[in-house]
Amino acid sequence: MARKTDAPPVNITINGIDLQVPKGELIVESVKRLGLEIPIFCYHPRMKPVGMCRMCLVEVGMKQPDGSVRKMPKPQAACTLPASEGLVIFTDTEQIHKDRKGVLEFLLINHPLDCPICDRGGECPLQNNTLFYGPSTSRFVEMKRHAVKAYPLSKHVTLDLERCIQCGRCVRFTEEISGDAQLAFRHRGAEMQPVTFELEEFTSKFSGNTIEICPVGALTSSHYRFRARPWDLETAPGICTMCSNGCNVWFDRRKGKLVRINGRTNEAVNEEWTCDKGKFGTDWMNNPRRASDVKVRRGDGFSRADWAEAYAEILERFREGGHEVAGLAGPMLSNEDLYLLRRMFDETFGSSNLDHRMTSVQGPAVEPPSFTIEGLEDEKGAFVFGASLSDESPIVYLRLRKAWYRQGARICVATSRPDDADAFAAVSVRYPQGGEAEFLRSLVAELRVQLEGGRSFGELADLASTLLETRGPILATESLWNLDQAGEVLAQLRLAAELLGVSLNVMALGANGQGAEELGVRPDAFDRTGLGTRQILEACADGRIRALWLAGVDPFEAFPDRSLVQRALENVEYLVVQTALETEAAAYASVVLPITAPGESDGSFTNVERRVQAFEKAVDPPAEAKPAWRVFSELMVRAEPRTPHFSAREILAEIAREVPAFQGVEWSAARDGGVLLGARRPLSRARS
Amino acid sequence: MSQSPDTPNLRFSAKAVAELESLKTHYPNLKACILPALWIAQREYGGHLPPEAIAEVAHRLKRSPAEVQGVATFYSMYNTGHKPGRHMIEVCTCLTCSVCGAWDVAAYLEQKLGIKMGETTPDGMFTLHGVECLNACDRAPLIQVGDEYHGPMDEQKIDALLERLRNEPESKVVALADALVQVHLKEEEREKARRAAEAVRN
Chain R
-16 MARKTDAPPV NITINGIDLQ VPKGELIVES VKRLGLEIPI FCYHPRMKPV GMCRMCLVEV
44 GMKQPDGSVR KMPKPQAACT LPASEGLVIF TDTEQIHKDR KGVLEFLLIN HPLDCPICDR
104 GGECPLQNNT LFYGPSTSRF VEMKRHAVKA YPLSKHVTLD LERCIQCGRC VRFTEEISGD
164 AQLAFRHRGA EMQPVTFELE EFTSKFSGNT IEICPVGALT SSHYRFRARP WDLETAPGIC
224 TMCSNGCNVW FDRRKGKLVR INGRTNEAVN EEWTCDKGKF GTDWMNNPRR ASDVKVRRGD
284 GFSRADWAEA YAEILERFRE GGHEVAGLAG PMLSNEDLYL LRRMFDETFG SSNLDHRMTS
344 VQGPAVEPPS FTIEGLEDEK GAFVFGASLS DESPIVYLRL RKAWYRQGAR ICVATSRPDD
404 ADAFAAVSVR YPQGGEAEFL RSLVAELRVQ LEGGRSFGEL ADLASTLLET RGPILATESL
464 WNLDQAGEVL AQLRLAAELL GVSLNVMALG ANGQGAEELG VRPDAFDRTG LGTRQILEAC
524 ADGRIRALWL AGVDPFEAFP DRSLVQRALE NVEYLVVQTA LETEAAAYAS VVLPITAPGE
584 SDGSFTNVER RVQAFEKAVD PPAEAKPAWR VFSELMVRAE PRTPHFSARE ILAEIAREVP
644 AFQGVEWSAA RDGGVLLGAR RPLSRARS
Chain S
28 MSQSPDTPNL RFSAKAVAEL ESLKTHYPNL KACILPALWI AQREYGGHLP PEAIAEVAHR
88 LKRSPAEVQG VATFYSMYNT GHKPGRHMIE VCTCLTCSVC GAWDVAAYLE QKLGIKMGET
148 TPDGMFTLHG VECLNACDRA PLIQVGDEYH GPMDEQKIDA LLERLRNEPE SKVVALADAL
208 VQVHLKEEER EKARRAAEAV RN
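Chains as they are written, first to last, in my numbering: chain R, -16 to 671; chain S, 28 to 229.
It should be emphasised that the hints constitute simulated quantities derived from the structure, not laboratory data.
The hints are all genuine.
Below are the DSBU-like pairs computed for lysine-lysine, each with C-alpha atoms no more than 35 Å apart in a straight line:
hint : chain 1 : residue 1 : chain 2 : residue 2
1    : R       : Lys31     : S       : Lys89
2    : R       : Lys132    : S       : Lys110
3    : S       : Lys110    : S       : Lys184
Let's have the full structure, built from the sequences with the hints guiding it.
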């Protein structure tokens, strides 16, 4: 449970084996050191123990001065028993086996045993524990408790009350981890139900995790319900692409089709949690509007074409296009895609008009983030400016909350609207929308006053003094480029960071937004000069740019100025739309090229903390879809004979050679846990 | 916490608010204050804890309504079910009372009031409940009405008691809730609440 411990070691004995463990460590954890297992239901290593299910009973004794062991008369729950000097534990005695049998018999009294049709059947802790430790038959002949089946708590979570064994994991999750406390036990005894207040909608942004930690099939996914049996699933590790946090996930597929996403443990990133956006993001990969054919425009409509035909047409328009061609890159392109895209624009098209930023304005480059998600836990505080982290960066939000919950970190929040983080923030301040720059100017002024020993009154002064005491990193997101005075806001944030001596982190929002920055998919990278997104769209609208390439991005959705996008796409002569879905922009295309969705090909992403994480193909793509990098590679070969790239690994190796920030990144390391880019600056001065 | 961002309809009187403010200072955190706060709510909402009352308590204590509802539904003396009658008659059904005729008492009450255990008379006057040991075996068979114990009961005594209760305008359920609030408070805190109530009246 505790990540690091300074507790002194104590000597305990487990099943006759002596070992040393930190004082206070829970026995349920200590036995793992010996490779033993204690059956559990309610205990979860990331949450406080409650001892509700009694499954983890062990016999406990104390060493007596004469060397004998005096056993306690009754078994104890290992999940609430801290290690202390001389403790003697027995996990494998006849008594304990009898106790476990008894506990399971009780748990099964009201359990419906509808395992053959239960989603959990096959991966169910209750099934497993019953098989290993439980009675083979039931003596209970009375009527079982009956309750509502399949009650939809929300559009994601369906509650099957009869199956609940009342362990309280879901309730504790909403209280301790996600912090919204939306679930609680109502009523008592056999009638106890883990439900929301008045059965209102379970709106937590992390509700999907309760499905995963439920040790029975009581909380089930509305999307996955009855879609597959666990033993029919093929599972593969993947990276979530719904935001820039880069959660590690399992892709579970049945007959090649993605049916479920579960959290995969990576202590440095998401621990084992996912947000609902990511967990239930299966829908878009299975979207019926998936683009699956190469199509070229003929007259008013599209006709199917083969790749060669499309390549020839594209090359005719783009080759040596110089400043008359441009490209926009989407947030879900992998590092390999982006790297080759930039090379193709550089080498084959001779153009620097390439951008990935979809914010209202495109400013100069900002120093890359230097915080780490795991490192946030050790901070004394943090300053969240203008970002709704629970939506924009959910895993960073969970870590900040954990820092507060576990270590009492004092989080400061300044936003224009009420935010979820207010619930645990030490100071939360509102400013009027559009008043960001002015707010920051007064904050900087107050910081200066306080650094010289003065202090004014009001919440701004509280904010400034808390910031000065905690000196945690400043966290903002790239959405600040949507503000009217973005440049000024950034300048003031820099000033504040300088005064506080902390890092300023402008977090990318797209899955690989940070990767695009690192790989120079922007017009001003590597001392070139080209047009940024807004200028590209404007140039398309007035005909200065004649051919536009949309690589995995629908500007109608991504760019704030819709009418500009419409004018641009209507007026540009030639439009390549490389897309996984039949998007709105695809209707304007001259050529539609289907690409694979993340998870359908190999690749790597760079997440918000500059962690490069590689993943391998988990799901089959639609028939003709190709990874974007393969298209770029094939085009470059057609333009000029050379050796094409054959795999994403090979491209990542090339990136590691060519791009300084990626030096030393290796596929295997990136796949197993990820590699942090760049030399790390100290997190904050106050910590040293 | 973030579940109901909009403020629920607040119905606590000035006195109740003053009492709650005093109670908050008795505990290390607001979570610990849920039980007495629910007694205040039960009194303020006429002996009943509808969802609105629970939402109000949650709002005033900055807890999630789900949690407060969990606490309220756990304890049988909080009336979270249907709205109880003006008086609640609780018949002890434990060992001594059973032996001494509790079930006869219960049957007589059921017949006399025309309702079953757990029900409320249509005129909203009485609610009948069977309860576990009331810790007054010397007076078995015993019934409890609000904060009063009556026993040993026979048919004449029940008739007389019902007659008296019918003419009692003040709800015994509310009176019990109020009594339980008052025992949580110190004398000066009661005085403060009285002054707060008066300040509103003037």
